[in-house]
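J.: Sequence:
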Amino acid sequence: MKTKVKLLTATVGTGALLTMGGVTIATSAAEEPAPVPPGPVSPSITTSEVTTGETSTEATAPPVPETSVAEPPVTATTPSGFAEPH
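The sequence shown lines up with residues -25 to -1, 1 to 61 when you count with mature numbering (1 follows the signal peptide of the UniProt record, and there is no 0).
I should point out that these hints are in silico values taken from the structure, not numbers from a laboratory. Virtual Cβ for every residue (Gly too), placed ideally from N, Cα, C. Careful: at least some of the hints might be erroneous.
[Stated by the list, open to error] Quick list of simulated restraints, FRET-style, between CB atoms:
hint, residue 1, residue 2, range
1, LEU(-18), PRO13, 41 to 47 angstroms
2, LYS(-22), SER3, 35 to 41 angstroms
3, GLU7, LYS(-20), 39 to 45 angstroms
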């Protein structure tokens, strides 16, 4: 029984290995097209700086952030038997 299972797993493993090799050869055998050589550049073409299309405005940050202290109103009352909050 053990030898049959070993033979079956070895056969399946060998088949998978051969299949992967065949797929690798089939997909890598495709020849990549040759790159097109660049043609002559016309002197009438002008280039400019490449931009991302974003508008940017440079400004300096304020020296101190404009924030306020959040102090929510306390509306809870302390139950009897507990210490008073500070």
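J.: Work down the list of hints and note, for each, if the structure agrees.
T.: Tested hints:
| no. | hint | result |
| --- | --- | --- |
| 1 | LEU(-18) <-> PRO13: 41 to 47 angstroms | violated, 58 angstroms |
| 2 | LYS(-22) <-> SER3: 35 to 41 angstroms | holds, 36 angstroms |
| 3 | GLU7 <-> LYS(-20): 39 to 45 angstroms | holds, 43 angstroms |
Checked against the numbered hints above, the structure breaks only hint 1 and satisfies the rest.
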